[in-house]
Amino acid sequence: GAVVSQHPSWVICKSGTSVKIECRSLDFQATTMFWYRQFPKQSLMLMATSNEGSKATYEQGVEKDKFLINHASLTLSTLTVTSAHPEDSSFYICSAGPVGVHGYTFGSGTRLTVV
Amino acid sequence: DQQVKQNSPSLSVQEGRISILNCDYTNSMFDYFLWYKKYPAEGPTFLISISSIKDKNEDGRFTVFLNKSAKHLSLHIVPSQPGDSAVYFCAARGNAGNMLTFGGGTRLMVKP
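Chains as they are written, first to last, in our numbering: chain A, 1 to 115; chain B, 1001 to 1112.
Derived from the structure by calculation, the hints contain no laboratory data. Any given hint could turn out to be false.
Below, a list of computed lysine-lysine pairs in the BS3-like style, where the Cα atoms sit at most 25 Å apart [what the hints assert, rightly or not]:
hint, chain 1, residue 1, chain 2, residue 2
1, A, Lys41, B, Lys1068
2, A, Lys41, A, Lys66
3, A, Lys66, A, Lys20
4, A, Lys14, A, Lys64
5, B, Lys1054, A, Lys41
6, B, Lys1037, B, Lys1068
7, B, Lys1054, B, Lys1071
8, A, Lys41, B, Lys1056
9, A, Lys14, A, Lys55
So that you can see chain A by itself, here it is in the shape it has in the complex:
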């Protein structure tokens, strides 16, 4: 149990376009979802925390108008990278919960490449 599905697993887009990444909890309801970003050979950096039905809380330095987060249901949160630029190329990972003893389960991640 406690499976989190993240799609797409990889995407290549042109500079200036927008990309939407979905994070779904398949067998549980997720009141909270976290969005992380990982640059090559670096740690996972928390971007924002989203609670179902309310506005996301963004970490310092993360542009909320660029990284739009929607958590309209207990099983789905989306991250939209608007007007993507090459420097937005990264690995984006969501986690959802709370569930079980350890709290949160991670999705499989999305590799975004902006050309």
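We have chain A; now place chain B onto it with these hints.
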């Protein structure tokens, strides 16, 4: 300011020997610590955790030790297997919420 640090970016170990991965933290409000294993282009997979009220937790080949006074935890893998080769992240959670703060990761290579 990095609140969770893994000072060794990489570690190479012979198959069958012990792997010891270290993690230090600075925030005394952290009360729960987790270790994750991560393969390239995949999300982290939970390995083992420990509450701040304990100093040791064991699960099969994996043991996590916590030294609160030193603000240090370590993950021991014994015996190490080639399939253990991955990047290992330690993470800490404060008592104010469920947000995790991750260390920078250690790449473990287990040689046959």
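For each hint, the structure was consulted:
Between the alpha carbons of Lys41 (chain A) and Lys1068 (chain B) the distance comes to roughly 28 Å, so the proposed pair goes past 25 Å and is violated. Between Lys41 (chain A) and Lys66 (chain A), the direct Cα distance comes to roughly 24 Å. Compliance with the 25 Å bound is thereby established for this hinted pair. Proximity of Lys66 (chain A) to Lys20 (chain A) is assessed by CA-CA distance (about 12 Å); at most 25 Å being required, the pair is judged to hold. Distance restraint check for Lys14 (chain A) and Lys64 (chain A): the Cα-Cα separation of roughly 21 Å lies within the 25 Å cut-off, and the hinted pair is therefore satisfied.
With a C-alpha separation of about 31 Å, the suggested pair Lys1054 (chain B) and Lys41 (chain A) falls outside the 25 Å cut-off, and the hint is violated. For a cut-off of 25 Å, the pair hint linking Lys1037 (chain B) to Lys1068 (chain B) stands: about 23 Å separates their Cα positions. Taken as a hint, the Lys1054 (chain B) and Lys1071 (chain B) pair is honoured in the structure, with Cα atoms around 13 Å apart against an allowance of 25 Å. Only pairs whose Cα atoms come within 25 Å are accepted, and Lys41 (chain A) paired with Lys1056 (chain B) is rejected, the gap being roughly 29 Å.
Between Lys14 (chain A) and Lys55 (chain A) the alpha-carbon distance is near 28 Å, which puts this suggested pair outside the 25 Å criterion.
In summary, the numbered hints that this structure violates are 1, 5, 8, 9.
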